[in-house]
Structures are given as structure tokens and as C-alpha cells.
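Peer 1: Here's the letter readout for the chains.
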Amino acid sequence: MEITTGWYLVLGALLFVIGGTGLLIRRNPLVMLMCVELMLNGVNLSFVAFARQLGDIGGQTVVFFVLVVAAAEVVVGLGLVVAILRRQPGATADDLSALRG
Amino acid sequence: MVDTLVFIVAAAICLTGALGVILARNPVHSALMLVMTLFGIAVLFVAQEAHFLAAVQVIVYAGAIVVLFLFVIMLLGVDRAQNLELSILPIQRWAALVFATGSLILLVGLIMVVNEPVTGAEAMGGAASGDENVRLLARSLFSDYVYAFELTSLLLVIAVIGAVVLARKPKEIQGAVVEELGDN
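Protein chains in written order, with the numbering used here: chain W, 1 to 101; chain R, 1001 to 1184.
Treat the hints as calculated values from the structure; they're not laboratory data. Among the hints, erroneous ones may be present.
[Said to hold, decoys possible] Coverage of chain R stretches by chain W, computed from C-beta distances (three or more under 8 angstroms per stretch; other residues unrestricted):
1. 1018-1032
2. 1043-1055
3. 1067-1076
4. 1157-1169
[Claimed, not checked] Covered stretches of chain R, going by a simulated chain W footprint (3 or more residues, C-beta under 8 angstroms):
5. 1007-1014
6. 1098-1104
We put the CB at the ideal spot given by N, CA and C, even for glycine.
Okay, chain W solo, but in the shape it has when bound (with noise of 0.2 angstroms):
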């Protein structure tokens, strides 16, 4: 058996599925964090294959700026947990209604 693209995009798929789910049932802030950074790495994997398929660096490229973006994505992210949780100890998503107008 040989592991074509679709192989490798059902995988992207299926993390980014794990991924969002994840995102749904989970109310600590940090684990939907987390599942957002699966969702990212699910996509990316498909990007990385798509690259090796059409042999454009292009989608490896996009990778490299993806990661970047997580990266300033999770240090603002983990920087208003931390202000929330200091100021709301043990405070979960849904407790976080505070700017319902």
C-alpha cells in the first residue's frame, strides 16, 4: 500500500476535527488553547503535503509563518489567562461573561 496525499490530508482532517471538538467541550481556557494549537497543526500538515505533491516550497512556506503566528498567538493568549486568573481564580470560559453588554 502506498500513502498517497489523501492520506496524509485525511489526518490533517481528522486533527483539526479532534482539534475543534476539543475546543467545544473543554472550558479550561488553557486546554482550548491547546486545541487550537492541534487545529493549526492539522492544517499545516495538510499544507506540507500539498507541497510535496505540486513541489511548490510555497506551502512550506506558509507552514513557517503559521508557526510564527501560533507563537505570538499563544503568548498573548496565556498572557490574558494569566490577568484573568489572577484576577478570578479557577475562572473557567464560561465564567468569562463579564463583557456581555
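Guided by the hints, dock chain R onto chain W, whose structure is given.
Peer 2: Only chain R this time, still in chain W's reference frame:
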């Protein structure tokens, strides 16, 4: 044959880790499972000749991002186990189920239907060694995408400043808390 074996083992590691992230009750276990998934993906990157990205994946993700997660978990002491049964709203579980099945069917179905090979320009020129991969990526990054590359440096500076501003303990709040305590 070796390719198939590598893919199957790495995919199993990735999926086990991903399920572990969303099912582990303790956030520390979730973070460690995330490392497992990221290593599996790094192996798949190597299998697809993206050597540079595999190295960056391990260094940046497993080395920096997950360590950052663990630092925050330890600092805030939120490593208490979360009861998955009680913490979910009833509608949330149904929404998650609908999302999961719907998007899974959609994505995998689309991949199966659109099975014909994609056409595109051959820019990489066949199989590339590790050095060749880095050279190609660098050339692409510093020629075609040089503005985007410079903008990412700006983004990182903004993220650093934002994190410092957000995580700093504000002086006025500290003062207010002290006053409140004094009143009581």
C-alpha cells in the same frame, strides 16, 4: 514499505496524542499529550522532506510553546482535575457532536471525492535533500515573501509587548485591594 510503516506509526501517535489532549482531565497531561502529537507531526514532516520545518516544529512547538503552557499551568496552580461530566452544558455536547460528525464527513468525503491529482507548477524540482530543502525555503522566504517575513518580526514585537502589558500586575488594582482590606 518503510514509508507506509512510518506513516502508520506516526499517524497513530498523532491521533492518540490529540485524543489525549481533549480527554485528559488534568491540564498537565493535556500538555504532555500535545508534545506527543507535535513529535508525530514532526516525523511526518521529515517523511515529506520538509526537514527544516520538522526541526522548527520540535524547537518552537515542543521546546517553547508547550513549556510556556506548562509554566502557566504551574504558576497559576490550575492543574486541578476537571470533571468532564459536570462541566459541560447539555447543548454544548450536542453542538460538539454535530460539529465533529459534520465536519469529519465533509472533509474526508471531499478528499475522497476529489481524488484526482492536483495540477501545479513544479517549482521544487524533484526530491530534495535536507540542505536543498533549507536552501529552497530560504530563497522563497527572502525573495517572494520578504515583506511578510519582515511583518512577522513586527507581529512578534507586538506580541511580546502585549504579553508584558497583559500579564503585569496593575498597580491601581493592587492599591484598591489593599484599601478594601483596610476598610474591612
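Peer 1: Next, verify each hint and record whether it holds.
Peer 2: Taking the hints in turn, this is what the structure says about them:
1. 1018-1032: It holds, with 7 qualifying residues against the three required.
2. 1043-1055: holds (count 7)
3. 1067-1076: Contact hint for the segment 1067-1076 of chain R vs chain W: holds, 6 residues under 8 angstroms.
4. 1157-1169: Contact hint for the segment 1157-1169 of chain R vs chain W: holds, 10 residues under 8 angstroms.
5. 1007-1014: holds (count 3)
6. 1098-1104: holds (count 4)
Comparing the model with each numbered hint stated earlier shows that all of them hold.
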